[in-house]
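One-letter residues, chain by chain:
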Amino acid sequence: MSHEYVPEIATDRDGNEYEVQGWQGDFYGGKLGFWLFMLTEVMMFGAMFLALTYYFSLHHQDFLDASASLNRYLGGFNTVVLLVSALTMGLGLLKMRSGDVKGAKLMIWATIILAFVFLGVKAVEWTAEYHHGVFLGLDALQSGNEHSKPFGQILFFGMYFTMTGLHGFHIIIGIGLMVWLLKRINAGKVAPDHHILHWNIALYWDLVHLIWVFVFPYFYMIGAGDVTGGITHGH
Amino acid sequence: MSKTYFDETHCAIGHPKSTFWQWMLTIDHKRIGIMYAVVMFTFFFVAVATAMAMRIELFAPGAQIMDGDTFNQAFTLHGVIMIFLFIIPGIPAVFGNIVMPLMIGAKDVSFPRLNWFTFWLYIVGCIIALSSLFNFTGEGLDFNFADTGWTFYAPYSLNTGTNVITTLVAAFVLGMASILTGLNFLVTIHRLRAPGMDFFKMPLFVWGIYATAWIQLLATPVVGITLVLAILEKYFGIGIFDPSKGGDPVLFEHLFWIYSHPAVYLMILPAFGIMSEIIPVFSRREIFGYRTIALSSASIAGIGYLVWGHHLFTSGMSDLAKTIFSFLTFFVAIPTGIKFYDWVATMYKGKIILKSPMLWALGTIVTFAIGGLTGVTIAMVGSDIHLQDTYYSVAHFHYAILGGVVFLLFAGLHYWYPVVTGRMYKEGVAKVAFWLNFIGINLLWFPMFIAGYLGMPRRYFDYLPEFEIYHQVSGLGAAVILAGLVLMFWNFISSWKSGEPSGTNPWNATTLEWHLPSSPPPLENHSKVPYVDFNPYEYHHGQPVVKFDYETMKRID
Amino acid sequence: MGTSTTVNYQEEKGAYYKVLVALLVLTAITFAQPFTFLTDHNFGMQLLIGLVKALIILFYYMHLKGEKLIGWTVVFAVFLVMFFFLIVMIDVNNFQFGDVSHITNEVASAGSGSASHH
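Protein chains in written order, with our numbering: chain F, 3 to 237; chain H, 22 to 578; chain U, 35 to 152.
With the rest of the complex left out, here is chain F (with noise of 0.2 angstroms):
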C-alpha cells in the first residue's frame, strides 16, 4: 500500500463505536472479487460445454468414434501433471503465509515448470493430430470433399480445437501471472502479511486445472472401451 490507510470509526447514538470497512486494505473484498471474477469464466467454459453436449446429442456415434482417436494417454499424462501443479502452487501458498517466502518462490517456479511440460506435451498432440490430416483448415475437418470426417467428428474436432486451445491460452496466462508474481515477492509488495495476489492466483491456478478435469473425460475418455458405450445402449 503507498499511503498508510487507517480505517475510519463511526459511532452510533448509545457512543458505541463501529470501524468502517474501506475499499483500501480489504483482503475479504479481493477474493470475493476474485471469486466473482471466477464464476464468469465458468460461464465462459460452461457455455461451451453445453455447445459440446448439444452436438453429442445430435451426433452420438460420431463423438464416440472421435473420442476413441484421440492419444488418451498423453492426454492422461497431461491430466497428472496438472493436478501435481495444483499441489505445487497450494503448498507455494501455504509457504508464503508460514512465513517462509524462498520456499515459496521455488514451489511457484514448480509450477511454471509443469505448465510448460503440460504446454509441450499438448504441442505434441497437435502436431501429431496434424500430421494425421485431422486440424482445423485441413481437408478432413471441411465438408464435401474426399477426406471429409462425418458431420458429428467435424464439430467434435472443432470443439476440441477451440476448448484444449482457450484451455491452453488460460495456462499461458497464468504462466504470465506466475512470473508477474515473483516480481511482486521480490519487490517486497507481496509478503506473509500481505498475500492477496499470490491467494488469487492460486485460485486463478485451481481453476485452470477445474476446467482440464472436465475437458479431460468429455473428449478423451467418452469414447474407451466398448466404442458403443455411453447414454444410449449400443445399435
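In case anyone wonders, no lab produced these hints; they're calculated from the structure.
A hint or two may mislead.
Negatives, chain F to chain H, calculated, CB over 12 angstroms [to be verified]:
id: 1; residue: Gly101
id: 2; residue: Gly178
id: 3; residue: Val181
No farther apart than 30 angstroms at their CA atoms in a straight line, the calculated lysine-lysine pairs in the DSS-like style are these [to be verified]:
id: 4; chain 1: H; residue 1: Lys518; chain 2: H; residue 2: Lys447
id: 5; chain 1: U; residue 1: Lys52; chain 2: F; residue 2: Lys107
id: 6; chain 1: H; residue 1: Lys376; chain 2: H; residue 2: Lys222
id: 7; chain 1: U; residue 1: Lys52; chain 2: F; residue 2: Lys124
id: 8; chain 1: U; residue 1: Lys99; chain 2: F; residue 2: Lys107
id: 9; chain 1: F; residue 1: Lys107; chain 2: U; residue 2: Lys47
id: 10; chain 1: U; residue 1: Lys47; chain 2: F; residue 2: Lys33
id: 11; chain 1: H; residue 1: Lys222; chain 2: U; residue 2: Lys102
id: 12; chain 1: U; residue 1: Lys52; chain 2: F; residue 2: Lys33
id: 13; chain 1: H; residue 1: Lys376; chain 2: H; residue 2: Lys360
id: 14; chain 1: F; residue 1: Lys33; chain 2: H; residue 2: Lys549
Idealized CB from N, CA, C, for every residue including glycine.
Based on these hints, arrange chains H and U on the given structure of chain F.
Same frame as chain F, but now just chains H and U:
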C-alpha cells in the same frame, strides 16, 4: 469555499497537475460516471440520427434517401450503438458509479483503479466499434458496417462481406467492461455499506444496481464466448454454426439470447430503482412495500435468466421447449407488476409534487405499462407466431426500453442533477421537454402496434402502400421526440454553467446522497461515515425524520 | 484481516498431500472405469468422477469449505449453467425436424458416411 470533487481528485498513476490528465487518470467514481455519461450520450445522438434517417427513408414506399443494403446497415448501426454503447453501460455506468457509493455511505467503489481501467476498456470498445464502420481502401473510406441486425444471426453474419467480425470484437470488449463494472459493484455493495446498513436498510436504487450486477457478471460471459466462437467459426471453420458441417444456427440463437434476454433486465432493474427513489420523495411519504420491491428486483434478475427462448419461438425450437419458455415468461411479469402496485400505493394519500423528475416517473408508469403488457401478449406462442418480426415487436421493445429504461434514465438525470453539478436546471423548460418526449414516443410507436398487427414486417426497407399512413404518423412522432431531446439536453448543458445553485438537498429527500456537506460533493463524499440505524425512506407528515450534523454525521433528530 | 503469519506449514501440508492422493486415485479410476464397471454409462460415470474431483478441489485447494457467501455464489452460478443445459438439451432432444434437416441427414460423401442418428 470548501473544495469539491471538481477541484481535486485521486489518480491511478501519479499526481498530475494538469486538469486534462486529472480527468484522464481519475479514479473518483463521480468523475468516472460523468465521463461515461458524456461518451454515452454522444453515441446516443448518433444512433438517434441514424433512426431519424431511417424514419425519413420509410416516410413513403420506395427508396427515398438510401438503398436497401444501406438501410440494413442503418438499423444494425442503430441497434449496435443503442444496445452495446449506450443502454447496457446505461444507468449503472452513470448513476451506479456516481450515486450508489454515496447512498451506502462509502468513499468510493471497492476497486477504484479497476473502475478507471474499465472506463478506458469501454472507450477501446467504442473505438473498435467505430473502426468497423469503414474500410480504408485506396480511394478513401468505404462504408462497410455490418448489415446483419444487432443480433448477428449465423450463418449470414459469418458469410456477409460487411465488417461483422470487427463489431463482434467491439461487443466482446464492451462486454468485458460490463462484467467488470458488475463485479466492482457487487463487492462494493457487500463490503462497503456504512456500519448498521444491512441489506434491508439499503435504498432501493442500490438493490436495483445489485440485482443488475449479478446479471452483468453471469450472463455477459455467455455472449462473450458466443462472439469468440463466431469469430473462430469465420476464420477456422470449427463448424458449430455452419450447417454445411452439421452446425445448427439455432444453437447460435440459444447462446446469443441466453445473454441478451437477461440483458434487458440488466437495463430495466436500475431504472426501476430510480423509480423507487423518485416516487417516495415526490409523494412525501415512505415507499409502500419496501421489502417486496427489494425482493422483486432479485426475483426479476433470477427469473430473467430462464426465459430467453421466447425470442426463438419462430426459429425451429421444439414445441416442448416453446411451451416451457412461454410458461416461464409469464412468471417474469409478476414481480414487475408487484412493483407497479407498490409505487401506485405509495402515491395514494401522498402529497404529490409534480416537479420534472416526478413527471418523468409518472410518464414512465404509462409507457412502461404499455411496453410490459404488450410483452405479455407476445409471450403466448400462438400470438407470437403472427407478431414475431413485425412492427409489433419493435413497438413493444421500444416502449419498454425507450419508454421504460431511457425515460427513467432521464428522470434520474433530472433528479440527481443537483448532486452532480450543484446547480438546478430550468424547471419550465424541463416540463416542456418532458411533454414533447411523452407525446412524441406515443405518436412514434403506437401506430407501429397496429401496423405490425396488420402485417408490416420489421427491418424492411420498403413496404406496401397500405402501411404508409402508419409510417407517416411515426415520422411526425420522431420529429416531436427529437425536439424534446434537444430541448432537454440544452437545458442540462446551459444550466451547468448558469443555473441556480441547488444546495445539498433541494428535493428535501432522505437518502444519504442528499446529506453531503457541500454541493457539489467533496472528493471523499461524506465528512464522516454515518452509523445507519434508520430506514431509507422515513418521512413523518411529509418531512424527513432523520437529520444530521454534517461535520460529524451524527443524528440530531 | 486474514493475513497473519500464524499458519503452520507442517501442520497444514498434510491436507494438500491427501488431496493429491485422492485426485490421483480418481484419475486412475477414470481410466479404468470404461473397461471395468458400469460401461453402459460411460458418459455419466466419467462426469460423476469429474464432479467428485471438482468438489475436492473446490473444498480443499480452493478453500471453499467454510466460506458462506462465496460458496453460495458458486452454487448460484453452477445452478444457472445447469438450467441452461437442461432446457437446451430438452430442446435438442425433442428436435422435430430430424428426418428432413440437413444437419442430421448429411449427404454421404466419398470417404465418410455416418448414417443419421435414429
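Okay, the hints, checked on the actual structure:
1. Gly101: holds, 28 angstroms
2. Gly178: holds, 17 angstroms
3. Val181: Non-interface label on Val181(F) holds, nearest chain H Cβ at 21 angstroms vs cutoff 12 angstroms.
4. Lys518(H) <-> Lys447(H): This hinted pair holds, its Cα atoms lying about 12 angstroms apart.
5. Lys52(U) <-> Lys107(F): Holds, at about 22 angstroms.
6. Lys376(H) <-> Lys222(H): OK: Lys376(H) and Lys222(H) at ~27 angstroms, within 30 angstroms.
7. Lys52(U) <-> Lys124(F): holds, 28 angstroms
8. Lys99(U) <-> Lys107(F): holds, 26 angstroms
9. Lys107(F) <-> Lys47(U): holds, 16 angstroms
10. Lys47(U) <-> Lys33(F): holds, 21 angstroms
11. Lys222(H) <-> Lys102(U): holds, 21 angstroms
12. Lys52(U) <-> Lys33(F): holds, 25 angstroms
13. Lys376(H) <-> Lys360(H): Given that 30 angstroms is the threshold and the Cα spacing comes to 22 angstroms, the pair holds.
14. Lys33(F) <-> Lys549(H): holds, 27 angstroms
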